[in-house]
Amino acid sequence: MNNASFNRRQLLRAAGTIVALPAFESAGFRRFASAAEARSPRPKRAVFLGFGWGVTEETWLPDANVTGADYVLPSGLAPLARHQADFSIVQGLANKFANEAHWGSTFWLTGANRYAEPGQSFHNSISVDQVVAEQLGQGTRFPSIQLSCPDGVANGHGPGLSLAWDERGKPLAGLDSPLRAYHRLFSDDSMPLARRQALLAEKRSVLDAVLADARRVQRVLNRTDSAKLDEYFDGVRDIETRLSKDEQWMTVPKAKTSLAEPPSGVAGRDEIALMYDLIVAALQTDTTRVITYRQPVTSLLSSLGIKLAAHDMTHYTTGERLEASQRRDVAQSELLAGLLDRLKATQEPDGSSLLDHTVLAYGSNIRTVHYLDNCPLLLAGGGAGLKCGQHLVLPKDTPLASVWLTLLHGLGVEADRHGDSTGIMKELQA
Amino acid sequence: MRAGLLYMLLLVVLAPVAGAEPVPARLNETQRGFFRDYCVECHNAETQEGMLRLDEIPFVIESVEQADRWQKILNQLNSGAMPPENATQPEPARKADFLDVLSHTLVTARKTLGDQGGRITLRRLNQREYRNTIRALLGVDVETSDLPADSGTGTFDTVGASQYMSGDQIEQYLALSRRALDESSARAAGGTQHHRAREEAEDFGNRRMDSLFKRTRELHEQHASWAAAVDAAAERPENLDIAAVLREKAKKPRPSSGVPYPTPLFFYYDWDQIKGAPPPTEFGFNDAQAAFFSENQYLHFFPYYDDYQKLPGRESGAWLLFYQAYREAYVSAGEDWPPGTYTLRMRVAANEAAPPERRFLEVGQRGDDVSDFTVFGAHQVTGTLDDPQIIERVVQISTDGKREFAIREKRPNSRTAEIRSYHDEFEKTGHGPVPAIWIDWLEIDGPGDAPSGIVSLTADSQGRAGARDVIERFATRAFRGVKPEPEYLDRLVALFESRLDVGDDFDDALKTPLSVVLASPGFLYLSEPSGNGGPRKLDGFELASRLSYFLWSAPPDDELLALAGSEELLEPDVLAAQVDRMLDDGRSHEFVAGFAHQWLGLERLDFFQFDFRLHRSFDDSTKAAAREEVYQTIALLLRENLSLSRLLKSDFAVINGLLASYYGIDGVTGDEFRRIDLPDHSPRGGLLGMAAILAMGSNGQVTSPVERGAWVLRKLLNDPPPPAPPNVPQLARLDGQLLNVRERLRAHQEQPQCANCHRRIDPLGLGLENFDAAGKWRTEDTLVRDGSVRKTWPIKPAGAFFNGPEFNSYLELRDIIASRPDGFARGFSESLIEYALGRPCGFTDADLTAAMIQRARSKDFAVREFIQALVASSAFRSK
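So the sequences go chain by chain: A and B. Start counting the first sequence at 1; every next residue gets the next number (the numbering used here). Start counting the second sequence at 1001; every next residue gets the next number (the numbering used here).
No lab work stands behind these hints: they were computed from the structure. Yeah, the Cβ is synthetic: ideal placement off N, Cα and C, and Gly gets one too. Any given hint could turn out to be false.
One-sided and incomplete, this derived list gives chain A residues near chain B with beta-carbon spacing under 7 Å [said to hold, decoys possible]:
no.	residue
1	Asp-208
2	Asn-222
3	Ser-244
4	Glu-247
5	His-315
Pairs of lysine to aspartate or glutamate residues, derived as EDC-like cross-links and limited to a Cα-Cα distance of at most 20 Å, are as follows [said to hold, decoys possible]:
no.	chain 1	residue 1	chain 2	residue 2
6	B	Lys-1402	B	Asp-1368
7	A	Lys-203	B	Asp-1606
8	B	Lys-1483	A	Asp-208
9	B	Lys-1072	A	Asp-373
10	A	Lys-256	A	Asp-188
11	A	Lys-307	B	Asp-1424
12	A	Lys-203	B	Glu-1171
13	A	Lys-307	B	Asp-1606
14	B	Lys-1623	A	Asp-312
15	A	Lys-307	B	Glu-1418
16	B	Lys-1511	B	Glu-1171
17	B	Lys-1072	A	Asp-397
18	B	Lys-1511	A	Glu-202
19	A	Lys-203	A	Glu-247
20	A	Lys-254	A	Asp-277
21	A	Lys-307	B	Asp-1620
22	A	Lys-203	B	Asp-1501
23	B	Lys-1511	B	Asp-1539
24	A	Lys-387	A	Asp-63
25	A	Lys-203	B	Asp-1182
26	B	Lys-1072	A	Asp-420
27	A	Lys-203	B	Asp-1508
Given the sequences, and given the hints that come with them, work out the whole structure.
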């Protein structure tokens, strides 16, 4: 590629980036759609919830000797009892490359080999939600939405800005408060259209300017450095893609929601509950079909009146730390049960429920304390044709990425592999 | 391949270098026998047990695939899965030796295979450098916590190959630089008007405490009247039975009342079961709950308030309480004051009746919640009521930041700790903790002279040409002396003009292009052009940047840029003189802190919160001072060009009043860190005697001899143990048993796969057991469970290095470590190379490392010699 003569728009073409027009599948339109349209196949959705520091294995993981439908929910999952037929618990999973005891989310959805690039101490690859978004996300306003919490390290998530990593293995930023998420999803810009178009044009001029300097720098670099600077060009291209998408949707008002604007400064249990409300609202209005949420643990503990740092809690032994760890599990399960309630209660135009068309994965790369094998995982919903109501114990160290691959196929994404996957897991399929 | 393999690469940079040529990773032939007897017996050409042949696997590891195969073998042996139970088992010692050799060989293999041949990958400003560079350019601090930290992935944050860039990040740079420009211009527009606000403590504190005292007493009297009436009713014959029942019931705790301990007050709480008892509303209480609460408050706090009334000095000041009511004093800058640098000033005294470790105050800001307090720093209070002292501290006020500042007595930063500490003291003495800090007044004044940026943003003319001048000047400086291209400038000027078109004034319109400059590659990346051929010499500007980001984590100043422009910087004498000048400059603290934090792995200090009941005085301020001790000690070595080996053992410590109080060293007061000569046989002096280092080797409750021992091997002896196999169980199965640490660690010797490393690690960690989890000296170890001491043991530090000398005490252990400065110097040199050059230190650096050590050794390992030798090397001066 001749950098000297290439401009931003060529950059876009070179990347083969296609910006889809807003489909009139969008929710605002659908509300008035005919009954015939209501019978058309409902879109599939995917939700990934990651909780960093793992669980209390003794009271969260079901007895490995009792599998199938008749297993007993342990106390850490007890609040989910009313939904037991709608989810499965899977044991035996691991990301074989995971090696950092404090990184509960960095490789959770990617299954990447951190050292795949010689000479680099960190490498990641695309997360499964982004693979889904490439296919399911094109017709919606947002191909995917990343929800997050501040301070991923203290919350046991490890490096990253959300659960999501793009096709080049770079971290995607997350909306780290319900208020910010609400505004991104549902608040219309009050600025007049002409002004917004001018702002967009200015942003493009800014990109043109930094590209001009990037080309100057790159002209005199050696191969390795030039490849390194490509990350910058890639970043500019990502912004450009986003701007183009903004432009396409500029005249389409955002979907309306009955949710009130969340207060600022909400933390912990209420924060997670509000984010869950937003997840339901975003899916219901078809504002996006792919959502990840990197959940807070530190603030959850504070909101439960637990005065322990999350990391200290994970090193539990009998007593205060263990009790805190178990209360955390129960609180998280209660919140999840609430989310499942609402996904079930939300009706699709054809009379089915939102949960029927959604696949939801809930888990962490950390099992307990510092253990990275037998990662806790709960799969719910009918969106990807996975078996529900089951306790599945897979062979030890089955790649977590194989679950993601199976999930991809269930959603209709024809991927050959994901991360270190070894194949489709028939055991999971309904 | 399992996780263990990956741990290895973390250690690569610290592994010893054996010679100039890459060392082939070769398994010792003496291990062939073990391999034949216990592995190949089943996995051979004929049997191929498990479809696996090992008889042909080479003993030299020359590819990633071979390393992966050997790693699998190591994992199988480590997990105990191989040899299988029904097969002949090796002697434990033989197995341990084999594992030892194999794991070390794999470390070497990873290092050889990962060697980048000295190639430096383009790097960008990391989070620290970005913040410092913005400060240098614009004179303001920006909040950079949203940017990637660039650390925590096993290398230094200067290593380009491990950094990344993304679209989100570019947008963050644009937003941050805009904020910085706005802040900078708001400060410049502040004008010269001086502002001051002062709070007299007695106005607020005493009034508050007096009314609390009076009100608590009144409510108690009301409660007494009510209780007397209830008692009278209870004595009536028809009530005798129920009264007896209720009095019995009051002896049981009622968590539902919010009070989890029994109290006679419960009897009155149940008044409505006593016929004819008057309701609490007749005595001025809303209900029984309110009456219960106020009387309970009286019982627990009135003595505290009563004592307060008798304190001296209340006519002109007030005492800060440890708990309740007047625990913090505040002062606020006015909403209309301009952003800038202000001085917070307070006139204070300490109570000589309070224990010395409590005579410190903390300056900070309160958060949204009562338990949130952001501590800026701690100050020792040495003034007395007769002769109070004035303490000053510089604070920053930004456009959108908080304007209220607070002081309080130094304390564990948690509400629970506060409550618990109060009640512990109350239960012991019947009084609360005696107030330790008296305050006369607290004031804020300023702004001081705005630290201006190094580039003038004032245009000669208000037109297009003037704007272009400013943009070009700013970009050239932001690009560290490299001129931007005309096309780029054209686009920036066009942006400026379009802002003018939409109504911005000249200065505001300029901010858009200027913020773009600070998100452009010329600013963000330390680019060093090079062809695809061999290395070339850096030019003056490139060398200036490399040097200033090495020693200051900040951009070159005027002097460096002038020497760069004239190329004088390329002369060895000039370069060496600049190194000395830069190390003498205060900005070198950025190097000390940035480097030492990563070199010594100090991030572990923040992994755990310290249990305040076990380690009451190791609060956030002490922890910060302990961390600073490490930096200040290294800074002193640099300032005075002393020997690196002083970090292994030293007859002085660099501490302030807070740490001296913590260590129990008399005669040191004040907040400045300074060199203090230590008595003979002091356990302090050198890294091993520093609270920060010792606290890292704990979990916030008890010591971790494994962490400590491994740290000594890694950092001090440059003999890192191989990475721990993944998913090793904690020694939790021993939880219920009353064992001391030495007894618990004995479990490591049961399995050869544990013993092969732990026989090296554990004795060193156990030799440090005289330091508790927070680094205080002790001679006994106590097992505390559920708040009470269950068992006590005398500490026995005696042990021996694996296949090495014995030691009987911590001091002997320290002497042995101090007698081996070469390994320490090598580890230090390799880390410096990685930090300064922004790339892993590999086999190709063996000559450079050797040269650095040789030069330093000739001067008793004087620390500046390492740096001078590195800067003078061709590796540092070329790309």
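Checked hints:
A least Cβ separation of about 6 Å between A:Asp-208 and chain B falls short of the 7 Å threshold, and the interface hint therefore holds. Taking 7 Å as the C-beta contact cut-off toward chain B, the hint placing A:Asn-222 at the interface holds, the least distance being around 5 Å. A cut of 7 Å between beta carbons decides the hint on A:Ser-244: the least distance to chain B is about 13 Å, and the hint is violated. A cut of 7 Å between beta carbons decides the hint on A:Glu-247: the least distance to chain B is about 16 Å, and the hint is violated.
Using the Cβ-Cβ criterion of 7 Å, the hint placing A:His-315 at the interface with chain B is satisfied: the shortest such distance is roughly 6 Å. Proximity of B:Lys-1402 to B:Asp-1368 is assessed by CA-CA distance (about 11 Å); at most 20 Å being required, the pair is judged to hold. Only pairs whose Cα atoms come within 20 Å are accepted, and A:Lys-203 paired with B:Asp-1606 is rejected, the gap being roughly 40 Å. With a C-alpha separation of about 18 Å, the suggested pair B:Lys-1483 and A:Asp-208 falls inside the 20 Å cut-off, and the hint holds.
Annotation: proposed proximity of B:Lys-1072 to A:Asp-373 holds, straight-line Cα distance about 16 Å (limit 20 Å). Distance restraint check for A:Lys-256 and A:Asp-188: the Cα-Cα separation of roughly 9 Å lies within the 20 Å cut-off, and the hinted pair is therefore satisfied. A hinted pair counts as satisfied when its Cα atoms are at most 20 Å apart, and A:Lys-307 with B:Asp-1424 qualifies at roughly 18 Å. Taken as a hint, the A:Lys-203 and B:Glu-1171 pair is honoured in the structure, with Cα atoms around 10 Å apart against an allowance of 20 Å.
Distance check on the hinted pair: A:Lys-307 and B:Asp-1606 sit about 16 Å apart at the alpha-carbon level, within 20 Å; holds. Proposed proximity of B:Lys-1623 and A:Asp-312 is supported: the alpha carbons are some 17 Å apart, at most 20 Å. Taking the CA atoms of A:Lys-307 and B:Glu-1418, the gap is near 12 Å; set against the 20 Å cutoff, the hint holds. Annotation: proposed proximity of B:Lys-1511 to B:Glu-1171 holds, straight-line Cα distance about 16 Å (limit 20 Å).
As the CA atoms of B:Lys-1072 and A:Asp-397 are separated by approximately 14 Å, the hinted pair is consistent with the 20 Å bound. Distance hint between B:Lys-1511 and A:Glu-202 is fulfilled; the C-alpha atoms sit about 13 Å from each other, no more than 20 Å. The straight-line distance between the Cα atoms of A:Lys-203 and A:Glu-247 is roughly 12 Å, inside the 20 Å bound, and the hint therefore holds. A threshold of 20 Å between alpha carbons decides the hint, and for A:Lys-254 with A:Asp-277 the separation of about 17 Å falls inside it, so the pair holds.
Taking the CA atoms of A:Lys-307 and B:Asp-1620, the gap is about 15 Å. The hint holds against a cut of 20 Å. The hinted pair formed by A:Lys-203 and B:Asp-1501 meets the criterion: a straight-line CA distance of about 16 Å does not exceed 20 Å. Distance hint between B:Lys-1511 and B:Asp-1539 is unfulfilled; the C-alpha atoms sit about 31 Å from each other, more than 20 Å. Under the criterion of a C-alpha separation no larger than 20 Å, the hint pairing A:Lys-387 with A:Asp-63 is consistent with the structure, at around 19 Å.
Of the pairs offered as hints, the one joining A:Lys-203 and B:Asp-1182 holds, with about 19 Å between alpha carbons and a cut-off of 20 Å not exceeded. Only pairs whose Cα atoms come within 20 Å are accepted, and B:Lys-1072 paired with A:Asp-420 is accepted, the gap being roughly 16 Å. For the hint linking A:Lys-203 to B:Asp-1508, the alpha-carbon distance of about 17 Å falls within 20 Å, and the restraint holds.
Of the numbered hints given earlier, the model fails hints 3, 4, 7 and 23; all others are met.
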